[in-house]
Structures are given as structure tokens and as C-alpha cells.
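Residue-level listing of the chains:
2 protein chains.
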Amino acid sequence: MKPERIAELLALYRRTLVGDIIPFWLKNAPDQLHGGFLNCLDRDGSVYNTDKAMWIQCRAVWMFSKLYNELERREEWLAAATQGMEFILKHGFDTDGRMFFVVTRDGRPLRKSRYLFTETFGAIACAEYARAAGDRGAQQRAKEIYRLLIDFYRTPGKLVPKTIPETRMTQAHAMPMILVATTQEMRRLGPDPLYDEVVEQSLFRILNYFLTPQEKALFETVGPAGERLDSPEGRCLNPGHAIETSWFLMTEAMHRGDKALFKKALEILRWSLELGWDPTYGGILYFVDIEGKPTEQLEWDMKLWWPHTEALYALLLAYQQTKDDVYADWYERVHSWSFSHFPDPMHGEWFGYLHRDGSMALRLKGSQWKGPFHLPRALLYGIKVLEQMSA
Amino acid sequence: MKPERIAELLALYRRTLVGDIIPFWLKNAPDQLHGGFLNCLDRDGSVYNTDKAMWIQCRAVWMFSKLYNELERREEWLAAATQGMEFILKHGFDTDGRMFFVVTRDGRPLRKSRYLFTETFGAIACAEYARAAGDRGAQQRAKEIYRLLIDFYRTPGKLVPKTIPETRMTQAHAMPMILVATTQEMRRLGPDPLYDEVVEQSLFRILNYFLTPQEKALFETVGPAGERLDSPEGRCLNPGHAIETSWFLMTEAMHRGDKALFKKALEILRWSLELGWDPTYGGILYFVDIEGKPTEQLEWDMKLWWPHTEALYALLLAYQQTKDDVYADWYERVHSWSFSHFPDPMHGEWFGYLHRDGSMALRLKGSQWKGPFHLPRALLYGIKVLEQMSA
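First to last, the sequence lines map onto chains A and B.
Counting from 0, one number per residue, gives the positions in the first sequence under numbering that gives the first Met the number 0.
Counting from 0, one number per residue, gives the positions in the second sequence under numbering that gives the first Met the number 0.
Just so you know, nobody snuck in bad clues.
Pairs involving identical chains hold if they fit within one copy or between any two copies, as the list cannot separate such chains.
20 Å max Cα-Cα, derived DMTMM-like pairs, lysine to aspartate or glutamate:
1. K161 x D50
2. K142 x D191
3. K258 x E199
4. K111 x E295
5. K1 x D324
6. K292 x D43
7. K111 x E165
8. K292 x D41
Derived from the structure by calculation, the hints contain no laboratory data.
Chain A extracted, bound-state conformation (with noise of 0.2 Å):
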């Protein structure tokens, strides 16, 4: 990558994250009636649909923590952080101490997930903001929250599995997944031999049982040591986790300084890469089944704005540390697709969801699972290897 090119998008990463995503949900989210964020956006950021989903105030809290953390100290970022913390502490927990899936605007409970996800961005919410705020309190909870979820994850039975486990047992890589990307953001509040040993068994899961290097692959589910399944579950793959997963592992490689990991944490990126790409439009499919067979998922061929924004960050920092031009080339190959695509030129940010074609499908911009986290996510994280790229 060229110096000159490294300063274009330097700029347009700052452009797009404090002159048009960042705004648009500022300007749209908060509830300024009943606290929190209001997440189910329209187009031009008209509200569709008052029910407040839990991850995304979770994830809009550490989003704005993490900007005034290591963007730049802007109050409005601390002021909105500071709303949805209130929100989530009021109304985000049951009285197990897990937490709600989705409640009513005014906070009421009205699903809570039988899986752990909400919990992992909720533990990162109280563990960013309490590092912004200074709040004692906030850092307090972001522990309890982990262990209670760990507690939870390791211990049989607390979770209702989605199928009979006497029949079957399966694992799923979300899990061993946001494991590591929770425990290196609660590392920030310091050690703690648990998140050691959490990293370390999640490490080892995925590299072990989800990643398959005779397929050059890393599956979404597998049975209990690892097993492949034989079917659409067993087959499926999702590049834009794989991908997400991916930069997951060079961060916990660069942290422990292992070139071995980094180098199984590339393999995975251009492995997803070249089986997620689409071939005939373009762009990251949703859901690829390894043998080319049907997917259960109806939508897998659709084209969504977070695998594209995980690949964007994954092939910065892969180029960064390795300036290796395979991972630039692929770098200008989504990103073209992406900027291209992505981006609502009337009414700013990001459109979430695009056909196989490229056309779109959906035309919201927020949703009870598209919030402020992937794309202003990758920007910041991208500006940070930017700079340092053009130090």
C-alpha cells in the first residue's frame, strides 16, 4: 500500500466515522423520552419500531465509551455512553442476574435468549464505560457479568440447549468466539487468572474442533470433540464470522507475541475469503455450505454490511503486520465492493442489507441486530492502524 493511499483512506475512515455514522446515531437513537437508545431506524433514521434491543444498547455503550477512550474526549460521546448505561443497569437484568433480550421502550421485559450473547455485551458495555467514566461501580459489574456468564457456559443444564442433547450434541463457534473478544476487552481492567484461562480453552476449541485444515475452513458448528457433522448445521460455514474471528486471533497473537497463532489467524482470513467471496457479484456471501449443498438459511446468498466491515479491519491489520500484498489486494477488493455498495448517499451511514445482486433489500439502517458496533468499529480500529501505518 502506498503512502498516498494509506493517507486517502485515512481520511475517509475519519469522514465516514465522525462525519456520517457516528452523527447519525446520535442524532436518531437516544430516547430523550425514556433513557437508552432507540434502535429500530428507518432509512432517514425515523423510528420503525420502539422495542430496544439489549445488544445493541449494550454495544452502543461501549461503542461510545470506546470513542472517547481512544478517538478523542468529546462529551456528547461520554453523554450518550452515559444514557444507555443507565438504561442497561435499570432495565437490562433479571433477577438470575442474566440479562433481557429485547424490552418495551420504557423497559420493560420482553424476551430474554437462551444463549450468553447478551451477557458478553453487557459485561464490554460496563467494562469500556467504566474505563471512560471513571465509574468504579460500572467496572464492579463488568466482572460480575463475566463470571456469572462463564458460570453459565461451564456449567451443564443452566442453559436450555436448542436440541436434545441426549440425541445429539453439537458446539458452536459464536461462543468460544466472543469468549476471547470479551475477555481482551476485560483484560483492560486489569489481570485475572480466569481470563487466561477462558482465552486458553477458547483458543484451543476453535483451533482444535472449529478449524479444519484439510477443508481450509473454520465451521460454525461441531459435535463435542470436534466432530463434522454431515448435514446443512454441520456444513455451514459464515465467512464474516470466520473473518471476525480471524483479526480476534491476530489481537490475541500479537498480544502474546505467538507468530504461530498469527499465522493460523491468516490462514482462517484467507481461507473465509476465498470461500465467502462471490464469484459471479461479488462481495461476501452470508452462508456458504461447504459442499455446495442447500443451506437452511433462506437469506444465505444476501450480501449484509458486517461481514464486509470485519473483512476491511481483519486485512488492515493482517497487511500492517505482515505487508504481505495478497492481504492489500484483497484489502482494495472489498473495500471497492463495499464503499461502492454499502454507503446511503441521501441520508448517511450504511444500508445493512443487500441481495446476492448487490441491490438492496432492505433499506433500514438500524435494527434489533444492526447497531452502532460493526461499521464504527471497524473505522476506529482501522484509523488506529492507519496511523500507525503512515507514522
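Could you slot chain B onto chain A? The hints should help.
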């Protein structure tokens, strides 16, 4: 509709049903090893997943029995029904009398649903099979399953709701809808005051809670007293579902000689086609937000086979009963789009899942949701109506 057109359609329907669809399933689905049907079939009929969906097992038994009872006493159809029935009776039921949702190839339980749809298909499978095989045990079983599911449906707290009921109570159109159709099948076993009571209550709910004449729409989800919910869930229409309901109601109106009910059914049919027909590419959209806001479903604009087959039969019945050209015109529009997009000229049967523009999204012929049901049912019932029209 001219007599030549009716004769042409009759020949096409018979050829498609008896020469294409049923042979495809008879050739590829029966599991010689463990009984029942392998329902996950790829384009060429090869099996891509051996897990067995109980919906499909039940619907296939019903369909083969129905063909035997109503079209022709072919031994191979009764044999297929018997093979499915044996698998269901052996592996379909939990100790509480409820049914499993998915089992392994050899019948071990994998998943149980929180809803009662599997039980409704279990009841009609037993009922229709009882008539085909003269099997008193199956008749008794049908009645037991029916009573059990009504008991679960009517007893608060017996099923785990998706949404925390203290915060928000909702009801779904799918349940009274399927109870009308299920009860219509049960009636063939002889009268029972419970049947009339269930249909009466279901009709009341559909017509007073889900049908909204001001908006000319039948909604999928409403509040406990039919309140319109201002959310994607509350604004969501499933035109294919509403169209299916319309002919369940026409059938009920004919059974009762209730002209007012028939008129309402016709309105539901017309309104749903007007709301669901895609002005851009033709075909019936899967989900529509009544206000044009974003749907929750990423696959909202896909074209699925079953809304089209339901519309084909509903329109034939409506035209036969009214001789109003509006239904003949709509029929030809839906027919033309369906028969030019869904049939697979290479391996037979119909594709199930197309993109909005009519191109193929998933090439599968069978899945946990697609089996020998909507299409052969529409063809069989269509043949009956066309025969009456040509008599």
C-alpha cells in the same frame, strides 16, 4: 373461463400431480432403512440431510392417504402412507403426548417445538390414514391428538410463550387458521360438538381480531382483543398465509351455507393479492409491512412456492363459486407467473425459493419446511374443482 381452458388446466394439473410431483417424492423420499420419509432432497432428489421433520412426515402421510381416498386407489400411495404412519407412531411422540419437531433418521428425538403445529399435522395424518386403511386405531389416535392439542391451546401456561406475557400479550393468526383446517379434516371421522365449538371460536378470532376491513388486510399478530400493534410484528402481513385462510373460510362457508362468510373470505383473498402481488417483478411477496416500513424478515421479498399454490386453488374455488372474472383474471396472472418460474424442467418437481426477481435462490426440492403438501394439495383440490366446472 372457457371450457377449453378448463380442459387444458385439468390435463396440466393431472399430468403435474400424477406424472411429476408424486413420482418425485415416491422415488426419493421413502427411507427403506428406517422407515418414514427423507425430506431434505436436493434438486435431483439426492438426500442432503437425513434428519426427519415431523411436519413433513405427517403432511406426507396425509397427502398420500388423501390421494388414495380422493383420486385413485393406488396401492403404492397407501403403502407410502403406511410406511410414514408407522414411523410417526413409533417415533413421533413424547411421553406427555405432544409430538417431536425433528428426529434423527432412526427416530431419536432432536427437537420439540413450543408451538402446536406438529400436533395439528399429526391429527390430520392419522385421520386421513384411518379413512384410507380402515384403521380404527389411527382414528382413535387422531381424536386423542386433537383433544390434547386443544387442551394445550386452551390452558394458559401449558405452552412457553416467546414473549414475557406480563409485559405484552399477543396472539398469532396461524393458530385459529390451522384449527379451522385441522377441524375440517377431523369432521370426516364423524361429528363432535367440540369441532363446531373450535371452528366457531377460530372464525370469531380471525374475523374480529385479525381481519381489519379499514386497512383491507388480515394481520399475522395482534393483541389479546385484536389490538393493532405498532411494530414490525404488528404491521406484518403474510399474503400467502392470508390467501390460504381465505379458502379454508370458503370451505367452511360452503359447509354451512353461509354466504356472508363466503363474501368475507373473498375479500381476504382479493385484499391479500392486492397487498402481496409484486408490482415490479410479479409473484407474491413473502412478507409485507402494511405501512411499507422495514420488515423483520430478511427474506421478505422472496417468492416462495406455497403462497402461489395456495393462491391457485383459492382463485379456482372463488371463480367456480362466483363466476366473477376478477378471480379468473387473478388466476391466470398467478398461474402464468408460477408455471413459468417454479417448475424444474431438468429434474421435475418445483423449486421452492426464488429471489424477488424470479431467479433461483435455493435449488432444493425438499427441506424441513418443503414437502409433498402445498403443491400436490392445490393440484388435487384444483382437479376436483376443475372436474366440477367441466361437468
